[in-house]
Structure formats: structure tokens, C-alpha cells
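What follows is each chain in one-letter form.
Number of protein chains: 2
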Amino acid sequence: MTGFSQDHKVSFKSPRSFATVFKSGIKETLFPDDPFYFFKKEPSSLRRAKLAMNYFVPASEWLPKYNSKLFMYDFLAGITIASLAIPQGISYAKLANISPIIGLYSSFVPPLIYAVFGSSKYIAIGTLAASSMLISSTLEEKVSPIDNPDLFLGLVFTATLISGLLQLALGLLRLGILVDFLSHATITGFMGGTATLICLQQLKGIFGLKHFTTHTSIVDVLRAVFSHTDEWRWQSAVVGIIFLAFLLFTRYVKEKRPKLFWVSAIAPMACVIIGCVFAYFAHAEKHGIQIVGELKKGLNPLSFKDLNFDRKYISAPIRAGVITAFIALAEGIAIGRSFAIMNNEQTDGNKEMIAFGLMNIVGSFTSCYLTSGPFSKSAVNYNAGAKTAMTNVVMAVCMLLVLLFLAPVFKYTPLVTLSAIIISAVVGLIDYQKAYHLFKTDKFDFLICMAAFFGVIFISMETGIMISVGIALVRALLYVARPTNCKLGNLSNSMSLYRDVEQYPGATGIPGMLLLQLGSPIYFANSSYLRDRILRYIREEQDISNPEENDIEYVLLDLGGVTSIDTTGVEVLFEIQQNMDAKKIKMILINPRLAVMEKLIPGKFIDKIGKHSVFLSIEDAIEACKYSLKSLKETNGENGA
Amino acid sequence: MTGFSQDHKVSFKSPRSFATVFKSGIKETLFPDDPFYFFKKEPSSLRRAKLAMNYFVPASEWLPKYNSKLFMYDFLAGITIASLAIPQGISYAKLANISPIIGLYSSFVPPLIYAVFGSSKYIAIGTLAASSMLISSTLEEKVSPIDNPDLFLGLVFTATLISGLLQLALGLLRLGILVDFLSHATITGFMGGTATLICLQQLKGIFGLKHFTTHTSIVDVLRAVFSHTDEWRWQSAVVGIIFLAFLLFTRYVKEKRPKLFWVSAIAPMACVIIGCVFAYFAHAEKHGIQIVGELKKGLNPLSFKDLNFDRKYISAPIRAGVITAFIALAEGIAIGRSFAIMNNEQTDGNKEMIAFGLMNIVGSFTSCYLTSGPFSKSAVNYNAGAKTAMTNVVMAVCMLLVLLFLAPVFKYTPLVTLSAIIISAVVGLIDYQKAYHLFKTDKFDFLICMAAFFGVIFISMETGIMISVGIALVRALLYVARPTNCKLGNLSNSMSLYRDVEQYPGATGIPGMLLLQLGSPIYFANSSYLRDRILRYIREEQDISNPEENDIEYVLLDLGGVTSIDTTGVEVLFEIQQNMDAKKIKMILINPRLAVMEKLIPGKFIDKIGKHSVFLSIEDAIEACKYSLKSLKETNGENGA
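Quick mapping for you: the protein sequence lines, in order, are chains A and B. Numbering of the first sequence is given in our numbering, commencing with residue 140 and proceeding in unit increments. Numbering of the second sequence is given in our numbering, commencing with residue 140 and proceeding in unit increments.
These aren't lab readings, by the way, just hints derived from the structure by calculation. As the structure is a prediction and not an experimental result, all values here were calculated from the model. It is possible that part of the hints are untrue.
Copies of the same chain look alike in the list, so a pair counts if it works inside one copy or between any two.
Listed next, the in silico DSS-like pairs over lysine-lysine satisfying Cα-Cα at most 27 angstroms (straight line) [stated by the list, open to error]:
1) K444 <-> K281
2) K747 <-> K579
3) K750 <-> K626
Full structure from sequences and hints, please.
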């Protein structure tokens, strides 16, 4: 009997120690996925050391088990992504306004680093269109890439180093949480806006313009295109449109027949080769078709001395580095996560950040700029049958051969071919279907997405992303400042189901009582709202109910959904209680959770209302209130008689 | 029968229209207290116009009912607060480094405006020590009050105008929500730090120093005090300590015998009078005791032309105006709310903001600086028996008489007396008991409080408040990024109570099922955390349970506490479902709320898992799962046989 009733009492045990609460808070905040779970289970210290090694250097786990059969798969996939890496490397470097050779360098060193430290089997390392564009547009505010290419390049490396350091720091401090604040809606809008801008910028290449704007806003770009109509070259445009049509056709083939993905994967490389041959034999340059120009043979030179921390310029690489670090992480982690889910594996975002960070830090010392795991390239890698991170090594070896022997060949690549490759690569980023989906399911997410999109195309890439994140944060704060709460009613008299009366209009109230369900933490940002709202519920209820017979005598607060409370919240509970007291209404608490009880007990609120006013379930509370309502009426009746 | 089972089904009705959701969202966000509630109930349009008038000009409601008996109470209270207004006005003006007469002006016009538009009966209008100090310290960065007093004064008026406009705008836009972000912890720390600084600054007055620092940080102030020991005047210090002892004694009397509150209320006025008489007869100035100096007779001059919007200086008054607007609102609204709760009345914070805003706008045109409803003065007003806002009018009339006839008398007020009055007034703001209470109940709130306190005393008032609010916001975001969630267990087999197994260690799991309770909205900032956490729960559970017999087949998610979900959240549900699918685990949703269903239906998630996987109560869900577990085993058994 005692055991039974004990079971149904609210637990009033004294709060856990600060250290316990703090430790569990830190653990939930920074280690929600418990990465050392397997490690802790292992008793042998030798095995533990090995597990730790495997954790920090994933290559140490798969490499010993590696065999020639796996290599065959990885070799084919590696060749495929290398054929994509060459044209994309050259193109995106042009987008970043740096020498195309840097794009090739960037597909050599970083993939090797990732192969050692990265944990995803399918990610293919490479440069990103959006980041290339963002680095360039941010740095151009300080230094012109045309007038001062060396300084500009130095700042690009500096931005890469800053990105890498930031990524490494975020990973080590397990602050992957910050990347969560870039919502899908923000990324969809940002990518769409950036892709639009990039496509427009390619009009320069397509029309063979020599003068162009350094601004990225749509107005400036269109003005630049149409103010130099005299520079338009029809030859260039014809070649560009042919290449573009070819590339888009291969994309279409891939979509219709996913097995033919390799057609679209090698198409850019084919374009580059055809373009080079055509330009070489047709002396294209004389006919208004610009070519890439001299590319030096040889491996990545060291770039320590190019890093530039001059106070005059440093703000630009810092801004570019910070923003691109987040964008690169968001893309790289999202793709890694998608593959993990598809294959029912686990990812640790923070560990991936460390790998990306190391890759960019080493990259910045070896003439590479920002790299990540681009979505398109990684998807090709996966489809081509990649089995381990060895594909990145194969790609790097291909790049090594290109850099040592073939680089000068690409001198003849027509710029218009690169423009066509860029357009066909980024046009898929304009995800209008996703935007429509957002519109259908969540108008606020759609607003966040559109803010990023229009911010990017009309103001600047930085501003666009910041406005969008700002709106998303305001919404996050509104969620906490205006938590949902509702009045509960009984769904059917025979059962003890109490649900939101708005959602289930059949739910009926209990005479003499008002049952409210509160959600979310109660604390400074929402406590005065909750007070106003609760008092308004009482006022409304008093208005409806017959003042003679069924006035409210109990307000029951279901705290089951209240996950925590702070001191302001406790004070507001006191205020509400005082106000109710004046109205002769008793406050009943139902099912307060652990973290809430740990504040209510030292805050003396439980002492104030008494332990008898705290119940474990709605039923118990209503039963007890009904009983005392009845006895109250009987007493009144006796007095009246 | 149909009716019965209908009652227990989850409602799958199609989402409400966007307009409906948007309207109710706006209403909850901006009008949580439903200020026009009484207004809407009224059918007659004439009565409605009158109610609207009463709402916007509260004086129109109480003035017609006003009578001589009420006036007697208000008159006495008004005289009492006027006797407090004179010394405080002079003192705080000195704190703001402006002429003492401005302090007297500020107790004349603003109270009249408040009497018309303000809705609180007990608030007494006056200047605030903390705001005076903050305005001065912010403006001093741009202009010296000693070298250029007229320009400085102009900027003080400009800051006041900006404060007023901001307060008015916040009130009209019903953005009272922003004031909620100044938590009690922040205000406690800020007030304590400011009071400490103000007390230290008074060492200048107490020791009669002539040279002093314009910085507010504790280090600068102490250095200034001790680097000019040659200027110390023992006469001044003796007089100061005597006054201070007297004032603190009257405070002590008030605390011991609350009925004698008037002793401490008139004590500052008594000090000023005694000080004036003493200084006049003893020629105090010749003995090292500085006096206030010339005060002109006459009413507030207009100050339109003093307002200064020069681009060179404007950033300082904007900063000062914005921060003091919030501080003044926080203090004024908090005190109004306290009185309302004590007297079981309702307050509308947004309406009060409009009154404060109008009062400061008009004030800035009539040589007044920032005013609000200071806590101490309002408490005196309440204790002195104030019945309506007429007390403010009585005080204003007293100030009128003082300005017209008595101002020059206060010329002889010794500065040291003012310092003693300031110290005794602000020393009560150092609320170490509250800080200790915060420490006991909530370590994070204590950290927020200490950040404000040390930020204010070691860096600057602005920085202190910003760091503190910043930490509080980070916590608010952490709440949404890391929502609490728990595993539920059955408390006793006979009853259908499912509670947190951590809080109630007696709760037992259900074989083959994992019951999880999620709290808070699910959206971009926390969705990937929730995915990781849910997958970890599954992993941990699979580890514990015997893999042969009782492997998990169902994961039941109790969504009762999930108040909303965004598109990222829905996508993550898909990811979790996909992952579980691979592990052959079925996902069951329990009691999704209205706002959540409205996202899950168009997001096609309900289609994905099927309506049969959504239950209204934990019991129903467990019942159904148990049944299918049983039938599954039977089938297996048959197959095996």
C-alpha cells in the first residue's frame, strides 16, 4: 500500500548538486551524440588507445583492412572525380578571380589531408562555387584582383587559413551547434541567390566582355553587361551556347537515366578538351574568344610568405574566412550526413569539422584556397562506386600527374567553355521546388529563404546571409518569448484524456476548474507573457462560466512540458499565485519535471503553495480538487441551512 | 460506439489557413494581454468611443469621479513626494553633470504629462540615478560638461528626445516584449554595479575634491580619489559623514517601523534645508565646503533650439537614449506591475510605454531630461496614501512654486549634502541578498547578474549591460538549441502513468518499445541535435536489452510537449524515420499538437508513416504496439514450428 501510493507521489527530493547538473548540461550541449561511447565501453587500455587512434585518424581504421578489390572500385571513382576536378578547379578559380592553377592545386593537397583525417567514405574534396564567389566579392572591396593580383592571392590564402583555423577551433570546442543556426531555408535561399548571381556573371564570359564590374549585385552586373554591348562577340556567344546546351543535355540524361551519371560527370572534361583542341587549331583568340592563358607546370609552391596579416586589409579576409568557413561546413557536413543516413551509419559533425579545418590550414600553406566536400562532386563519387576515402587519394594522384605534365595543355581552354561549365554546375542550385515546398509548409521559413535570396542578389552575399540568419534568430527568440500554451479539456468522461480544446473541440471543461498546459522553459523572456496569458485565461473563463454556480476555484497548471525555469520565472509564479490568491483561486501544479522542481524547491515556491498542491498526474489533481469542491459545497450548504 | 472511438482519434483535419494562423500568431505575440477585451464586448458605439478614450487617456476615466476626499489623500502624498523630488532632482542633475535647475524642471512638466496619459495610480515621476549617470558617462566621451556645458546640455536633451521617441514607438508597435529581455538578473547586477560606481563617485563630493576623472570605471575613480589627497578637505568629510549617518539612520527607522516611512521620505529635504542654513551662516565655502551655486528663478524655458543633431556627436546621444530608454522602461514598468499585482489590478506595459514616451518627448522640449517612475519615490507615494495620478499634479504644483519663488534659496546647498543624499538613495540598490538568492537557485542567472555587475564597475555601464544581455540571449538560444527530452517509463503497471525515468527511478520500460518525450519546438536550431539524441537513445537501449529476445521494435515519440515544428524539423523526422527503417524499428507519434500536425500533413510525413502510426495517448499507442508485437511473435512461432 505504502509502496503503491509512494509510486504516485511527485518526487520532492532535494536538488542535485550544481556540479552534477552542470556536467550533464555540458554533456548534452557539446556531446549530444556521445562520440566516445564505444571508447568508454572498452576495458583494455591498449584497445582503447587503438580506438582513440581510430577516432582521431579514421584512416588508421580502414587502411589495414584495405584490399585490391576495394581499390578497383575506388580507382574508378577517383578517376571519375578527377575528370570533374580539373574543369571545376579551373572554373571556380576564375570565379574567385585568381589564377586557374590555384584551382588545380586545391584538388591536390586538401584531398590527401581529408583522406587521412576525414571520416566520410563518400565525400570528394574540392572547391565550392559559392565560397569562391564570396571570397572574391569580399576581398575586392579592399584590393583589386586585376591591379594587384599577388596581394589579392595572398589575401585569399589568408582567408583560407582563417577559415581553417575557425573550423578546427569549432570542431575541437565541439561547437558544431553554431552550424545548426544556418537553417535549410537560409541555405536554400543563399545558394539560389548565389547561383543566380554566378550565372549572371558568366554573361561576361559568354559574351566575351573585357570590361566588367567587380560588384556582385544583380543591378550592377546587368548594367555592366548592357553598357558594353559594343564588346559583345557573337563568336564567343555561339560557342558558349553550344557548350551549355551540351552540358545541360547530359544533366538531363542523368536525370532520366541515373545509371548514365558518368555521362554528365565527364562532360565538363570533354568540353575542356574539345574547347582546347578547337581553340588551338582555330586560333580562337583572334576571333574574339578569350582563352585561359599560360599555366605553369609543377607542384603546389609553398605559400607561407604570401599570407598577409596587414592591418589595412585584414578585416576583409577575416569576414570572408568566417562566412565561407560556415558555408563550407554547412555544405560538407550536410552531404556527409546524407550519406551516413542513406547507409545507416553515424556521423560526428564535430570530427568532420576538425578534418575540414586541418585540410584548409595545410591548404593555405600550399597555395590552395578554400575547399570542402561539394555536393555535386561527392554525389558523383558515391554513384561511381567509391568505397573508402581512397578515392580522394586517387584524385590527388591524377592531379599530381596533371600538374607535373599536362597543366600547360589547358592554356588553350576558352573562357567561354568555363562559363558554360559554371552555369551548368550552379543552375541546379536554384532549387525553386524546395522554395515552393517551404511556401506550402511554412511561410516563415519561406520568408527566411526569400530574405537570403533577395539579400544576396540585390545587396551582397554577406548581407543576404546575415539578414536571413537574423530573421531566423528572431524567430528562435520569439519561440522562447511566446511559448505555446493551451487550455485542456476532457475528451470523454469515461477516460482520463485531457487535450487542447482548440485542437479537439469536443473536449469539455471541468466545472470549477481551469486546466492549462504550459510548454517550453519559463524564464525571463517569456515569464511576463505567461503571467498575462494565464490571467487572461482566468478572466475569459470567469466570463463564460456562470458567476453564481460554477466560479473557478482551482487553476491547474500542467507543467509536464516545462523543461526548465529560471529565477525570473519562479518570481512570476509567485506573482501569479498572489494574483490568484486575491481572486480566491488556488493554484495546483501537475507533473513538474526534475529541472523545474530543482528551482521551485530552493526558490521556496513549493513551500508557498504547499506540497499538497503538487500532483503527479492530471487525474490525481482533478480527483483531489473535485473532492474538496464537493466538501466545500456541503459545508456551504450546511451553513446555508 | 462510433462517437466514442471518434473521440479518441488524433485529429487529422487539414491545416488552418495561413491568414488564421498568422492572425492568431500576431495576436499572441503583440497582444497577449488582450487590451481591447472590454472594448470588444461593448455593443454601443458611443460607449465604445468613451472606452477608447479611457484607454488612451486614463485621466478621462478617473477625473470625472474625482472628489475632495480622494484629493486630501493625494495632496498629502503629493507634498511628501515633492519634498523628495527637490533634493533628488538637484542631486541627480549633479550626477548627470548638468545644472541642478534641470533636475527641478524635470519634476515639473513630466509628472503633468504622466498624470494625463499614465495608467498607474501610484507611480511618482522623477529622474533616475542610474540613467543620470549613464547619460553623463556616455556623452562625456564626446563632449566635456565642464568645457562646453551648453553643448553637453543640448546633447542631454537630444538623448531624452531619442529615449522618448523610442519608448513611444515601442509602445505603439506593442514591442514591450523587448523589455522582457532585460531579465531580473541583468537588472540586479546592473543596478548593483551602477550604485557601487555612484557611491564611489560621491567620494569626490564627500572629500570636496576639485579635480576628478570623467571615466566611470572603478579603477579610474579610485585613482582619481587617491591621486588628489592634497585636495581632501576634512571639514567637508565631517559634514558629509554626519549627513550620511543621519540619512542611513532614517532608512533604518523605516525598515524597523514601516509606518514611519515619512521620516526617511522627508529626511533628504531636511538635510538640504539644514545644509543651506548651515552653509549660509557658517560661510561654508570659505572652509572648503563647496555649494551648488546660483539657481535662476522661473519656469522651464523651451529647449527646442538646444536639441543637437550634429553628425559629429549624434552617435553618443543615440546610444545613451536607447539604453536609458530601456532602463527607464524596465524600472517604470516593473514598479507599475508590482503595484498592480499588490492591488489585483491589470497593467498594460505597452500603454505605460506610450505615457513614458510622451512624457520624455515633451520633457526634451521643455528643458527636462530623462524621467521615469523611480522605485523609491513611487514606494513613498504609495505608502503616503496616494489614490490617483493626481499626486503627480500636486508634486508638479509644488515644483512650480519652488521654481517661481524658492529656487535661489537652494543656492547654498552644500555639494557634500547632495553626495550624502545620493549615497543613501542608491546604497539600497546594491541588492546582495538578491544576488545570493540567485546563487542559491540558479547559477546561470547568478553568472548573468555578475557579468552585469563587474562589466559595469570595471569596463563601462553600457558594456556591462550588453555583456549581461548577450549571455542571457545565448542561454535563450541554448534552450532552443538543446531542448530537454527524456525517456519515459511506466510508474506502476496497473496505472497508465509514464514519467521521466531519471526523475522517477522506479519507472520501468516496456519490452520491445522505447518511449521518448520531446519538449519545445523542433526546428532548425535543434533538429540535428534531436536526431543525434534520439538515435543515441535507441543505441543505448539496444545495448541494454537482450538482443535475442527483446530487441526494440517500436520507438514511441510523445510529441505532446512539442509546440511547433519547421521545415528543417520535418526533414529531420524523415531522416530519423529512414534511419529507424534500416534498423527495422517503427516510429510511432503520440499526441501531436495542432501546430505540429499543420506542418506534418502538408510535409507528407503523416503519409510516410501512415495515419495508423499516430495515436492520441501513450496508452493507446502502447496497447496497439503490444498487440502487434504479440501477433508478430505468434507468426514467428508458427513459422518456426
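_Those earlier numbered hints the structure runs against, lowest number first_ = none
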